[in-house]
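Trainee: Given only the sequences and the hints, what does the whole structure look like? Please build it.
Residues per chain are reported as follows:
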Amino acid sequence: GAGVSQTPSNKVTEKGKYVELRCDPISGHTALYWYRQSLGQGPEFLIYFQGTGAADDSGLPNDRFFAVRPEGSVSTLKIQRTERGDSAVYLCASSLSLAGEQFFGPGTRLTVL
Amino acid sequence: GIQVEQSPPDLILQEGANSTLRCNFSDSVNNLQWFHQNPWGQLINLFYIPSGTKQNGRLSATTVATERYSLLYISSSQTTDSGVYFCAVATNSGYSTLTFGKGTMLLVSP
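For the protein sequence lines, the chains are B and C, in the order given. The working numbering puts the first sequence at residues 1 to 113. The working numbering puts the second sequence at residues 1 to 110.
Be aware that one or more of the hints could be misleading.
[Unchecked claim] Simulated pairs of lysine-lysine, DSBU-like, Cα-Cα distance not exceeding 30 angstroms:
1) K78(B) / K15(B)
2) K54(C) / K11(B)
3) K78(B) / K102(C)
4) K17(B) / K78(B)
5) K11(B) / K78(B)
6) K102(C) / K54(C)
7) K15(B) / K102(C)
These are calculated hints, taken from the structure and not from any lab test. Note that the coordinates shown come from a computational prediction; the quantities given were computed from them, not determined experimentally.
Mentor: In structure tokens:
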């Protein structure tokens, strides 16, 4: 079956704008994770969903960041009032169960001018 | 939180050579994964190996959970093996969110 997909692949926006990044997990995977990767670094955890609820959002850097997963499948990461420091690759991963193997999407490269 | 250290940070090999990448971690884990990040940024799953030994073609991995380290072996390296190799772990507490090491940048020259 299909892997994790993310759209858009690239997003360029201006400082202060609002952006939405979408993640389609592998069908049947109940666990969904968002990570962020800055240049030269490993990915860093942002938020985890089990089903529809955010079980752990301790990695979100501030209240400009928010994510939803209303039907327990597709998730959207929302960033308000974007700043240049938000520029990074945003990665989504899903797994069949807690502690299961995580599979990553291709990422969305966000550039804030 | 858990600390993950990978070594070496950089590695240059001639095609055909073998190599060993190491991952040390500071706490008990219930998930350990090795990834290869290709030049387009895609994280490719190599091994899901919280303990034990696995092999897949020219690659193999061993995790000694009691001593808190994992090794990734690459044999007969090819130019297509170039890229960044990440080790990522999740602890027994929490929600299995992965903590990544800084990676090993591998360059295999022809």
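Trainee: None of the hints should be skipped; say for each whether it holds.
Mentor: Taking the hints in turn, this is what the structure says about them:
1. For the suggested pair K78(B) and K15(B), the alpha carbons sit about 15 angstroms apart, so the restraint of at most 30 angstroms is met.
2. Using a Cα cut-off of 30 angstroms, the hinted pair K54(C) and K11(B) is violated, with the two alpha carbons roughly 39 angstroms apart.
3. Of the pairs offered as hints, the one joining K78(B) and K102(C) holds, with about 27 angstroms between alpha carbons and a cut-off of 30 angstroms not exceeded.
4. Restraint check for K17(B) and K78(B): the C-alpha separation of about 11 angstroms stays at or below 30 angstroms, so the hint holds.
5. A C-alpha spacing of about 13 angstroms is found between K11(B) and K78(B), which places the hinted pair at or below 30 angstroms, so the restraint holds.
6. A hinted pair counts as satisfied when its Cα atoms are at most 30 angstroms apart, and K102(C) with K54(C) qualifies at roughly 23 angstroms.
7. For the given pair, K15(B) sits about 29 angstroms from K102(C) by alpha-carbon distance, which is consistent with the 30 angstroms threshold.
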